[in-house]
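Chemist: Protein sequence lines, in the order shown, are assigned to chains A and B. Sequential numbering from 6 applies to the first sequence in my numbering. Sequential numbering from 6 applies to the second sequence in my numbering.
Watch out, some of these pointers could steer you wrong.
Said to hold, decoys possible - Once the Cα atoms are required to be at most 25 Å apart in a straight line, the calculated BS3-like pairs of lysine-lysine come out as:
no.	chain 1	residue 1	chain 2	residue 2
1	A	Lys217	A	Lys48
2	B	Lys214	B	Lys154
3	B	Lys168	A	Lys231
4	B	Lys124	B	Lys168
5	B	Lys231	B	Lys214
6	A	Lys214	A	Lys225
7	B	Lys224	B	Lys168
8	B	Lys48	B	Lys154
9	A	Lys110	A	Lys154
10	B	Lys154	A	Lys154
11	A	Lys193	A	Lys231
12	A	Lys154	B	Lys194
13	A	Lys154	B	Lys231
14	B	Lys225	B	Lys194
15	A	Lys194	B	Lys154
In case anyone wonders, no lab produced these hints; they're calculated from the structure. Here the structure is a predicted model, which is why all the values come from computation and not from measurement.
2 protein chains.
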Amino acid sequence: MNEQQKYCYEYPRPAVTTDCVIFGFDEGELKLLLIERALEPFKGRWAFPGGFLNMNENADDCAQRELFEETGIENVFIEQLYTFTDVDRDPRGRVVTIAYYALVKLSEYKVTAGDDAKKAQWFPLSQIPTLAFDHDRILRIALTRLRGKIAYQPIGFELLPEKFTLPELQNLYETILEVQLDRRNFRKKILSYDLLIDQNQSVTGVAHKGAKYYSFDKKKYEELSKRGFNFEI
Amino acid sequence: MNEQQKYCYEYPRPAVTTDCVIFGFDEGELKLLLIERALEPFKGRWAFPGGFLNMNENADDCAQRELFEETGIENVFIEQLYTFTDVDRDPRGRVVTIAYYALVKLSEYKVTAGDDAKKAQWFPLSQIPTLAFDHDRILRIALTRLRGKIAYQPIGFELLPEKFTLPELQNLYETILEVQLDRRNFRKKILSYDLLIDQNQSVTGVAHKGAKYYSFDKKKYEELSKRGFNFEI
Chain A
6 MNEQQKYCYE
16 YPRPAVTTDC
26 VIFGFDEGEL
36 KLLLIERALE
46 PFKGRWAFPG
56 GFLNMNENAD
66 DCAQRELFEE
76 TGIENVFIEQ
86 LYTFTDVDRD
96 PRGRVVTIAY
106 YALVKLSEYK
116 VTAGDDAKKA
126 QWFPLSQIPT
136 LAFDHDRILR
146 IALTRLRGKI
156 AYQPIGFELL
166 PEKFTLPELQ
176 NLYETILEVQ
186 LDRRNFRKKI
196 LSYDLLIDQN
206 QSVTGVAHKG
216 AKYYSFDKKK
226 YEELSKRGFN
236 FEI
Chain B
6 MNEQQKYCYE
16 YPRPAVTTDC
26 VIFGFDEGEL
36 KLLLIERALE
46 PFKGRWAFPG
56 GFLNMNENAD
66 DCAQRELFEE
76 TGIENVFIEQ
86 LYTFTDVDRD
96 PRGRVVTIAY
106 YALVKLSEYK
116 VTAGDDAKKA
126 QWFPLSQIPT
136 LAFDHDRILR
146 IALTRLRGKI
156 AYQPIGFELL
166 PEKFTLPELQ
176 NLYETILEVQ
186 LDRRNFRKKI
196 LSYDLLIDQN
206 QSVTGVAHKG
216 AKYYSFDKKK
226 YEELSKRGFN
236 FEI
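Isolated chain A (complex conformation):
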């Protein structure tokens, strides 16, 4: 009996996976990237991309590896969400999953499914099918985290193209937070942080005509936050 078997023999262990809730924003809607499962259990059902933790990688690396293998997405905002451990959450046996959520600039991603994923597809939040495993519950908790966090950390920019207009930014917040924001106050507040870089370019292409394009000064934000700056919408 090798070490691994011996270890298991002494102490039964759950299997450990990571799963990743992938948010995108497009056409004024919050969207989710789902994978159609090619294998049992829940073959043919939609689910979040994920897979088993390797013995030589931590959960962050596993989540990013699975995200890339199953969707081709890499180098995006990704954060640990919560760990789901219900005894009966996986018909294969005891499986604990460390859930993550990622924020993706949807416009930049042509998604390519691979690995044990049959098909990858973006779904509007309003049209999410019944998900595999306990992924419906994972989604509810991911939405709560996103709504809670977007109000006091500038993560919303991760969902927008590099260049965006203030109306687009306001629309993002209104959609995710499910509130109406006053245009003047929103504009005033967001510009007061001095974290948006004017691209000297407007939607119409004509100077001083139509909404202006801005980009988010992430570097400056990181500097400021080190010194205790608080972002808030």
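The hints should help you fit chain B onto chain A, whose structure is shown.
Modeler: For chain B alone, coordinates are given in the frame of chain A:
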């Protein structure tokens, strides 16, 4: 070879534990309940109480069981914090830990160490010894969560006796958030929520003399929060 061995043989798995950061508040100080480890690894070092996940329990149940077994503490505020998965975090081999944090009314707990814990002791935050495993990192993240959460959820009351004075409550917030709060504004804001029940009793015992005792109306808060009420200090 039984099912468990077979499962392990096909897929190597990390062991899974829970650990619990236990906060208390006493004598104007934030305190932590630590356990002196009676067994290797890190025998004799201080650590958070915790242990291996059983195959028939979820992580919440495991954390509460270990908390009770090792400290006698039960029925307190406890919440999942973060899952720590660094490959080399445990010299015994690959061990993933699901960390929790608990808030305890210190005055109510005479702590009794048992199980594989040698000794349990409350330490002021300013005098925490070097901890076993990666528990120093777990503590940093638990403090960040506590400071972040206490400002917008009324969890601070979990650290105070049932009956407390406004100066005691203000002191709790000032200590944990490491800020000075204006006495008048604090008093006005906290009373404006109408979530404190006047105990018609003062520290001096003499009516209208000395600070009054209040208790927190948790039931009312839970009702209000269902309807979208936001607590904020």
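Chemist: Against each hint, give a clear statement of whether it holds in the structure.
Modeler: Quick rundown of the hints versus the structure:
1. A:Lys217 with A:Lys48: violated (47 Å)
2. B:Lys214 with B:Lys154: violated (34 Å)
3. B:Lys168 with A:Lys231: violated (38 Å)
4. B:Lys124 with B:Lys168: This hinted pair is violated, its Cα atoms lying about 30 Å apart.
5. B:Lys231 with B:Lys214: With a Cα-Cα distance of about 37 Å, the restraint between Lys231 of chain B and Lys214 of chain B is violated, given a limit of 25 Å.
6. A:Lys214 with A:Lys225: Since the Cα atoms of Lys214 of chain A and Lys225 of chain A sit roughly 28 Å apart, the hinted pair is violated (cutoff 25 Å).
7. B:Lys224 with B:Lys168: Satisfied, since the Cα-Cα distance of roughly 16 Å is no more than 25 Å.
8. B:Lys48 with B:Lys154: Not satisfied, since the Cα-Cα distance of roughly 33 Å exceeds 25 Å.
9. A:Lys110 with A:Lys154: holds (18 Å)
10. B:Lys154 with A:Lys154: With Cα atoms ~12 Å apart, Lys154 of chain B and Lys154 of chain A stay inside 25 Å; holds.
11. A:Lys193 with A:Lys231: At roughly 24 Å apart (the allowed maximum being 25 Å), Lys231 of chain A and Lys193 of chain A satisfy the hint.
12. A:Lys154 with B:Lys194: Since the Cα atoms of Lys154 of chain A and Lys194 of chain B sit roughly 24 Å apart, the hinted pair holds (cutoff 25 Å).
13. A:Lys154 with B:Lys231: At roughly 19 Å apart (the allowed maximum being 25 Å), Lys231 of chain B and Lys154 of chain A satisfy the hint.
14. B:Lys225 with B:Lys194: OK: Lys225 of chain B and Lys194 of chain B at ~17 Å, within 25 Å.
15. A:Lys194 with B:Lys154: holds (24 Å)
Hints 1, 2, 3, 4, 5, 6, 8 from the list above are not met by this structure, while the remaining hints are.
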